[in-house]
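A.B. asks: Fit chain S to the known structure of chain A by using the hints.
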Amino acid sequence: MDSNHSATRRVASFEIFYTQFLNQDGVACGDLPAFAQDREQLRAMYQLMVRTRAFDKKAVALQRTGQLGTYAACLGQEAIGVSIGHALKADDVFIPAYREYAAQFARGVPMRDILLYWGGDERGMNYESGPSMQDFPLSVPIGTHVPQAIGVGYAFKLRKQPRVVLVSCGDGATSKGDFYEAVSSAKVWNLPIVFLVSNNGWAISLPFSRQTGAPTVAQKAFAGGMPGEQVDGNDVIATRFVLERAIERARSGGGPSLVEAVTYRLHDHTTADDARRYRGAEEVEAAWARDPLKRYKIWMEASGNWSAEDEDKLQLEATATAEAAAQAFLKTESQAPESIFDHLYATLPKNLEWQREEVAARGPVGSHA
Amino acid sequence: MAVNLALIEAINLALKSEMKRDGNVVVLGEDIGRNGGVFRATVGLLDEFGGDRVIDTPLAETLVAAMAIGLSTQGLKPVAEIQFSGFMYPCVDQVVNHATRLRNRTRGRLSCPMVIRAPNGGGIHAPEHHSESLETTFAQMPGLRVVAPSNPARAYGLLLAAIRDPDPVIFLEPTRCYRLFKQPVEDDGEALPLDTCFIDREGSDITLVSWGAMMHDTRLAADALAEEGISAEVVDVATLKPLDMDTILTSVAKTGRCVIVQESPRAGGWASEIAANLAEHGLLSLFAPVLRVSGYDTIMPLAKQERVFIPDTERILKEVRKVFEAAPKG
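Note that the protein sequences, when read in sequence, are chains A and S. Its first residue numbered 22, the first sequence is counted upward by one per residue in this note's numbering. Its first residue numbered 367, the second sequence is counted upward by one per residue in this note's numbering.
Only chain A is shown next, with the shape it has when bound in the complex:
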């Protein structure tokens, strides 16, 4: 393309912005957002991050000791979940992928439920309290949940409700047609949707450079006619700030947008994966220097919002909370075998009654080791 040709003119151009308040050493730059003046908010965000990491560690330990099924850790991505949890309002709807546990905890999902889910129990998706009651359960198929946000956002708009839907996915999902169908159509109806892509650099073994030729995910928003931007997903202040801005834009009629939170998956893809097969130790070590917890703690202490005493207390409390969740999970009685029929339809069709009866009569069967 020769843009200097006399017959060729520019019809559109785009820029991509990146926001970061806290660098990896915990040093603040730029004018901090208003919520950064609220000590209780800042502390709550830190507490949620630490609790989530303790939970994550416990979940992996449960899996390693044969007490939990395959688990997808969120290690290194906690700031994103915390930001979602603090940025969304109670009436909003969250459609998660599966590494945003912190957001789910913030919206009322008990830690036990996440363990129930990865332990193979559907009740782990029956969020029974708080804003999570209207949220979608986490979604294992990659990206297929993203276009469902279009329907949810459309319903809000149709009913003139000031509500927003936030749907999250990973960088791998952005290769899928489902993602594009959603991104391409959201602006058609100017829907109140925030697409959040956690770009953690890896889709199992495939690095982002092999996922797409595009240098950013954010630019994919422009293809759908909406704003797209990057944020340091390991900077909880920046991520919350950018998400709140996108959410309020959507709520006030400004339409959809896409936020690419740049982060790093410090853990294996799941407990069934071994990332050493495809990425070097140096890369992971370098990523630990960008750890979202470390930098936030440094800044919190430096800004007088956190103390060594607070830290000791929180660490004990977070470990105990995760442990209590694990105990609650392990003590949860199995569902009755015939429950596999009970939520198949609103009312079980009569031609399936005999199957339910057969299962009920047989009684519990041991699960596979």
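Don't read these hints as lab results, they were simulated from the structure.
Below, simulated BS3-like cross-link-like pairs (lysine-lysine); rule was C-alpha separation at most 30 angstroms, straight line:
1) A:178 / S:386
2) S:382 / A:181
3) A:110 / A:318
4) A:78 / A:334
5) S:382 / A:178
6) S:382 / A:208
7) S:684 / S:695
Interface residues of chain A toward chain S, partial, derived using beta-carbon atoms under 10 angstroms:
8) 166
9) 168
10) 174
In this text, a Cβ means the ideal position worked out from N, Cα and C, and glycines have one as well.
C.D. replies: Using the frame of chain A, we list chain S on its own:
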């Protein structure tokens, strides 16, 4: 007051009627607004109900299905249209991984009361990918209802039922019968049951089981048999899933003979499921083997050869004769 309507007009009437009755009903799909749908099923809806409830979507079938899921979780009752059955495959992921599962996954917290309508089957000389029969693909999915009406009155009553049902419904309309014949349809708002076969006509010598467009040929076959003095009972399995075997078994207990007619390919088709159920529960009432008439296990041919694939009255009668050879009447 009943009005004589073609099947496509009955679909249109049901959509109008239910959109009037229930403000939560929305329709969505490609070209369904100003254009009224490629078969005109949604004609007039845009003017009557407005663009908020009559949603022209971008050309993206995954989106259509996914959007219906999102809408349905918010208490709306979306009725999505896919233009032709062959374009439903992108919806399969959404239906099987999400729509059918959401109630179960959340132990009843969320659900998907939604309908996906599509024309089903061949016979209208349409281009490639426009003539497939997909009922078995969907009928195998747990958590789903699959409906395939065969005449205008049933199309009306079953579509009302599908929209009102609290679970996802795949509604497969017989393309070939959209304008094939008219029938009095009363706009009485009465839904038909979604779990019961219809006895299309009573008979005593043989049970002919079919659904959708093949019901038309099956009725013609029954007419021909009547002229030969053979009384055929015709069962319309308009609600393929959940499958009402009771009605079929009761009929076969009376007739002792059964031929099942489907347009879709033979192996593993819904006729096979019905035949297996007859073998399990009806063997002792049978005088002769249950036979199937079906499409072949081939790719749906292009228009010039579609009649090679689609069963017709002659092929139905051929199988019926085999049954009577094995077990002569009286």
